[in-house]
Amino acid sequence: MKKFIVATVIGFLVYLLLTTSSGNDFFIWSYSEIVVGIIFAIIVGIIVRNVFIKDNFRMLNPVRWLVLLVYLIGPFFISMARANLDVAYRVITGRINPGIVKIDPKLKTDLGVTMLANSITLTPGTLSVDVDEDKNQLYIHWINVKEDALKKKPRDCKYVCGGFPKWVRRIAE
Amino acid sequence: MIEIIIYVFLGIGVFFNLLASFGLIRFPDVYTRLHAGTKCTTFGSIFLSLAVIMYGLRLWYLEGFNSGNSVLVIHTIIALICILVTNPTGAHAIARAAHRSGVMPAKAVVDDLKDDRKKGRGRKKK
Numbered sequence: 340m341k342k343f344i345v346a347t348v349i350g351f352l353v354y355l356l357l358t359t360s361s362g363n364d365f366f367i368w369s370y371s372e373i374v375v376g377i378i379f380a381i382i383v384g385i386i387v388r389n390v391f392i393k394d395n396f397r398m399l400n401p402v403r404w405l406v407l408l409v410y411l412i413g414p415f416f417i418s419m420a421r422a423n424l425d426v427a428y429r430v431i432t433g434r435i436n437p438g439i440v441k442i443d444p445k446l447k448t449d450l451g452v453t454m455l456a457n458s459i460t461l462t463p464g465t466l467s468v469d470v471d472e473d474k475n476q477l478y479i480h481w482i483n484v485k486e487d488a489l490k491k492k493p494r495d496c497k498y499v500c501g502g503f504p505k506w507v508r509r510i511a512e
Numbered sequence: 076m077i078e079i080i081i082y083v084f085l086g087i088g089v090f091f092n093l094l095a096s097f098g099l100i101r102f103p104d105v106y107t108r109l110h111a112g113t114k115c116t117t118f119g120s121i122f123l124s125l126a127v128i129m130y131g132l133r134l135w136y137l138e139g140f141n142s143g144n145s146v147l148v149i150h151t152i153i154a155l156i157c158i159l160v161t162n163p164t165g166a167h168a169i170a171r172a173a174h175r176s177g178v179m180p181a182k183a184v185v186d187d188l189k190d191d192r193k194k195g196r197g198r199k200k201k
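Top line first, the protein sequences correspond to chains A and B.
Each residue of the first sequence is one higher than the last, beginning at 340 in the working numbering.
Each residue of the second sequence is one higher than the last, beginning at 76 in the working numbering.
These are computed hints drawn from the structure, not numbers from a lab.
Some hints here could point you the wrong way.
With a cut-off of at most 25 Å between alpha-carbon atoms, the simulated DSS-like pairs for lysine-lysine come out as follows [claimed, not checked]:
{"no.": "1", "chain 1": "B", "residue 1": "LYS189", "chain 2": "A", "residue 2": "LYS445"}
{"no.": "2", "chain 1": "A", "residue 1": "LYS445", "chain 2": "A", "residue 2": "LYS485"}
{"no.": "3", "chain 1": "A", "residue 1": "LYS485", "chain 2": "B", "residue 2": "LYS189"}
{"no.": "4", "chain 1": "B", "residue 1": "LYS189", "chain 2": "A", "residue 2": "LYS474"}
{"no.": "5", "chain 1": "A", "residue 1": "LYS341", "chain 2": "A", "residue 2": "LYS393"}
{"no.": "6", "chain 1": "A", "residue 1": "LYS342", "chain 2": "A", "residue 2": "LYS447"}
{"no.": "7", "chain 1": "A", "residue 1": "LYS505", "chain 2": "A", "residue 2": "LYS474"}
{"no.": "8", "chain 1": "A", "residue 1": "LYS474", "chain 2": "A", "residue 2": "LYS393"}
Turn these sequences into a full structure, and let the hints guide you.
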């Protein structure tokens, strides 16, 4: 039941976002859109309640969303800007030193691994290629492999993804 | 003032999207091309979207709360979130499919995934 309510409320909020400025009855929504939105949200909630939420309600905590927002605006955006300047430099000069390395971020949940993989793909010269689902280890294609990082296996996480696992652990675990 | 910011954002966005297309030509293999194709286009698209959001916010502010301009702002924010989620996901899918079908990275210094595949680990059991 709780799964159904959460899925319905989130569906309704997305519907409201997609139908902004439909009228002036309730702030910037018209009553007809709200009624239709409630009906569709209930149908969608019945269908997706077991797919959308697997086993826990950890992400309902608003503090996690706040940390996610801080993470996106702060460290993530900065390293993304640096990554883009780095890749721009490599596009212009053509100096690359690529390779696939394996890292062990020591995350436990699927959501955490997904978030880390997406963050890694969007930041400094790295692209996640594959995942070892038993141990939650990631294979990363790295455009400029540093010699220091190749000493031990799995490779040291700090060269590839910096402080991301710490943030992701705070958000998703 | 706000128009200058919008133009600057548009300029940055177009510049990075242009770099991405250069990268597609200059880089040697599929993985490095994906680097150019994901990062630069995402960054460029973020700045283009920010320009649209600024423009929409300005219109929304100038014409009043109920004027119907919120649609530009909010839909662009949703599009931005979708780009941020789907672009790396598509890159993972392409990279994984390429490696599984035997495309090895060009000029690779190290390839842990290939070594693990040979040992029979790293392959998913099904």
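The hints, checked one at a time:
no.: 1; hint: B:LYS189 x A:LYS445; verdict: holds (22 Å)
no.: 2; hint: A:LYS445 x A:LYS485; verdict: holds (22 Å)
no.: 3; hint: A:LYS485 x B:LYS189; verdict: holds (19 Å)
no.: 4; hint: B:LYS189 x A:LYS474; verdict: holds (17 Å)
no.: 5; hint: A:LYS341 x A:LYS393; verdict: holds (12 Å)
no.: 6; hint: A:LYS342 x A:LYS447; verdict: holds (22 Å)
no.: 7; hint: A:LYS505 x A:LYS474; verdict: holds (18 Å)
no.: 8; hint: A:LYS474 x A:LYS393; verdict: holds (20 Å)
Comparing the model with each earlier hint shows no violations; every hint is respected.
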